[in-house]
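S.K.: Letter by letter, the chains look like this.
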Amino acid sequence: MEAVQDYTALKSELAAAANDHGEPKWVVDQRLAAVDNLADAALPEVNRFDIHRWPLTPAEPLTFSQSNGDLAANVPVAADHIQIVQVGQTTVTVNLPAELADQGVILTDIFTAFREHPDLTQPHFMTEIIKTNEDRLTSFHAAFLNSGIFLYVPKGVVIDQPIELHLVQDSTQEKHPLISHVLIVAEADSHFAVMQHLTTQGDCANLASCMVEVLARSNSEVHFSSFDELGPNTTTYLNRRANISRDATVDWAIGLMNDGDTFGDFDSELIGENSKSDAKVITLTGGRQRVGVNTRVTNRGKKSTGNILQRGVIMEKSKLIFNGIGHIIHGAAGANAEQENRVLMMSSKAHGDANPILLIDENDVLAGHAASVGQVDAKQMYYLMSRGITKAQAKRLVIRGFLSAVLQAIPAKDVRQNLTDTIERKLENGAEIE
Amino acid sequence: MATLEVKDLHVEVKDDEQNKTQEILKGVNLTMKTGEIHAIMGPNGTGKSTLSQTIMGQPAYHVTQGDILLNGESILKMPVDERARKGLFLGMQYPAEIQGVTNAEFLRAAMNSRRADDDQISVMAFLKELDKNLELLDMSESMTERYLNEGFSGGEKKRNEILQLLMIKPTFALLDEIDSGLDIDALKVVSKGVNSMRGDNFGSLIITHYQRLLNYIVPDVVHVMMGGRIVKTGKADLAKTLEKEGYAGLRDELGLDVELVDEN
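Here the protein sequences line up with chains A and B, keeping their order.
In terms of this note's numbering, the first sequence has 180 at position 180, counting the first letter as 1, and numbering is strictly consecutive.
In terms of this note's numbering, the second sequence has 125 at position 125, counting the first letter as 1, and numbering is strictly consecutive.
The reader is advised that the hints may include incorrect statements.
Unchecked claim - Below are the EDC-like pairs computed for lysine to aspartate or glutamate, each with C-alpha atoms no more than 20 Å apart in a straight line:
hint, chain 1, residue 1, chain 2, residue 2
1, A, 395, B, 105
2, A, 391, B, 117
3, A, 395, B, 97
4, A, 379, B, 82
5, A, 379, B, 17
Unchecked claim - Pulled a few chain B residues facing chain A out of the computed Cβ check, cut under 8 Å:
hint, residue
6, 58
7, 99
8, 104
9, 108
10, 124
11, 127
12, 164
13, 166
Stated by the list, open to error - Computed footprint of chain B on chain A; a stretch qualifies when at least three of its residues, placed anywhere within it, have a C-beta under 8 Å from a C-beta of chain B:
hint, stretch
14, 14-26
15, 401-412
Everything labelled a hint here was simulated from the structure, so no lab data went into it.
Heads up, the beta-carbon is just placed ideally off N, CA and C, and yes, glycines get one too.
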């Protein structure tokens, strides 16, 4: 929140901490360049949503410390799963089957990757997908990065099992922001699914600045799903973005179930011809929570296809803004962009908005949008209740149905069930305000 | 033996577009008992669906006079779900579609809503009952994992209504035009389902335009409704007479001043 004043001192502190941490020079240089950007970078634009007073760039120095691995006790660790578990800055578990490692698959913490695989990380880390100098939040993230994961899937490798990324934010400590970066490189013709799970342990008020960059090379297919359930005292900034090459597909299924204020920026850059993306976001807000989401699809490639589907349920005195941004660049002939943004109001004291924003600079395209803010469907309620189901249970079923788009896209049954349980719990806890 | 009585029922609905209320039912009297199948026939726009929706408790229909009694107890103040748990069921003409909720999950929730918390139906017992009824209705097992009515054809929806009827086993089933949009094979299947429920503990009120359905589900009593009232009650052969002579014929015979919607 506090403006960073003394940039020279900050830079020397930052460089010292990064060097102590054993980071390669290019990483340290990138941090320092990011600090230079911080000086005059603006916050990103979020239509109809104000994040100016949020503690998104705390003035805490870069520090590295171990977290207690026991904080990951709730994470289902299984030897036959492909998974990486991190608590704060500490990597607790990495399970990567030997046959995948033999094929060249890399799953490791990001600082190890910076040291051991500079050829695979330096060209892509915050240079071409999310750029360091885009705005104040990206600059801050690059400067103060303190955790992360690198996933590399070589050409032609197909992984059937989902790759699990479990991040436990350690908020047992004060002034301990989680600034985590997941870099995913999908080489040509590779094919896999990634499931990210974000949770918080501890009650301290901290920032979580979590990014995911996906580079999807030609004809690759990446299915990314997330289950975000960071704690009530966490202010969250999420930025997930993919650059999608010719004939490649990146799908997003984002279950935004954080209990605290959240700004999410989800972005598919359809760069190559015939590239595809399907972005689904669901959320459920309660209390006085504020959630703002920009989901953007940019069609650059000819015949590229991008869909956005956002659905949110708002309870109590919460606020939710869904911006669906469809941008078709001149030259993207034959592009297809559809979006649907819907908000279900469970409380007259809650505030929700669904804004489709279409920016179309090409004539030969198909684009459409639908948006609504409304109440629970009375016809569906009547039907369920006419079978004896109570009003409360009928409502839960209708809402679950409303949010099911993302549930269906999650590849693991237990995660689907957990997300369903979380939705039910939030609905039960959300006091009804007519 | 259970009874369902409709006494001097007057019902109006509000037309939101024109912002005016219209009286649809103008004094309906009807008594049915378990063990009986009643049919209500009548021309379009005469209040047949209104009667079934009002008995079920659809909030858009306002009772202005009269009463509905289930086993002597007025149900007018009961919400829809309570009426259902008391034994009423409405097979709807246009069932709602609900994404994300499977047919099986919905059926279990509906069955369990009638049972005590410590007496919920077991998965095995549920599946056994489900398989039996799917077979009876010539329905594929895959229907149960599909989302409730979502993407179902008209015929599939009707079968699904009857599947619910067989699973829930209500005391009184109101079946609103379950024959509309069905081909003859589907009609036979649906009728078989309803007939399998016949017995001392089940009563049904079947609403239809056409006599055809009543060849397969032979009613004990036939009522003819026109202009918001029941104008004639008889045995099964009344339906056949109507089929021959039409509603206009009956109206003229009875000397009623009722305009038929489809009359030119």
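S.K.: All hints, please: hold or fail.
M.R.: Results for each hint:
1. Only pairs whose Cα atoms come within 20 Å are accepted, and residue 395 of chain A paired with residue 105 of chain B is accepted, the gap being roughly 15 Å.
2. Between the alpha carbons of residue 391 of chain A and residue 117 of chain B the distance comes to roughly 17 Å, so the proposed pair stays at or under 20 Å and holds.
3. Under the criterion of a C-alpha separation no larger than 20 Å, the hint pairing residue 395 of chain A with residue 97 of chain B is consistent with the structure, at around 14 Å.
4. Restraint check for residue 379 of chain A and residue 82 of chain B: satisfied, since their Cα atoms lie roughly 17 Å apart, inside the 20 Å limit.
5. Simply put, residue 379 of chain A and residue 17 of chain B have alpha-carbon atoms about 18 Å apart, close enough for the 20 Å limit, and the pair holds.
6. The criterion of a C-beta within 8 Å of any C-beta in chain A is met by residue 58 of chain B, whose closest approach is roughly 6 Å, and the hint holds.
7. The interface hint given for residue 99 of chain B holds, since its Cβ lies 5 Å from the closest Cβ of chain A, which is under the 8 Å cut-off.
8. At a threshold of 8 Å, the smallest CB-CB gap from residue 104 of chain B to chain A is about 13 Å, leaving the interface hint violated.
9. Checking residue 108 of chain B against chain A by beta carbon gives a least distance of about 10 Å; that is not within 8 Å, so the hint is violated.
10. Taking 8 Å as the C-beta cut-off, the interface hint given for residue 124 of chain B is violated, the closest approach to chain A being about 21 Å.
11. With its C-beta approaching chain A no nearer than about 19 Å, residue 127 of chain B sits outside the 8 Å limit, and its interface hint is violated.
12. Because the beta carbon of residue 164 of chain B sits about 6 Å from the nearest beta carbon in chain A, less than 8 Å, this interface hint is met.
13. Checking residue 166 of chain B against chain A: minimum C-beta separation of about 13 Å lies over 8 Å; hint violated.
14. For the stretch 14-26 of chain A, the proposed coverage by chain B is not satisfied: 0 residues have a C-beta within less than 8 Å of a C-beta in that chain, short of the threshold of three.
15. Evaluation of the coverage hint for the stretch 401-412 of chain A: fulfilled, as 7 residues show C-beta separations to chain B shorter than 8 Å, against a requirement of three.
Against the hints set out earlier in the document, violations occur for numbers 8, 9, 10, 11, 13 and 14.
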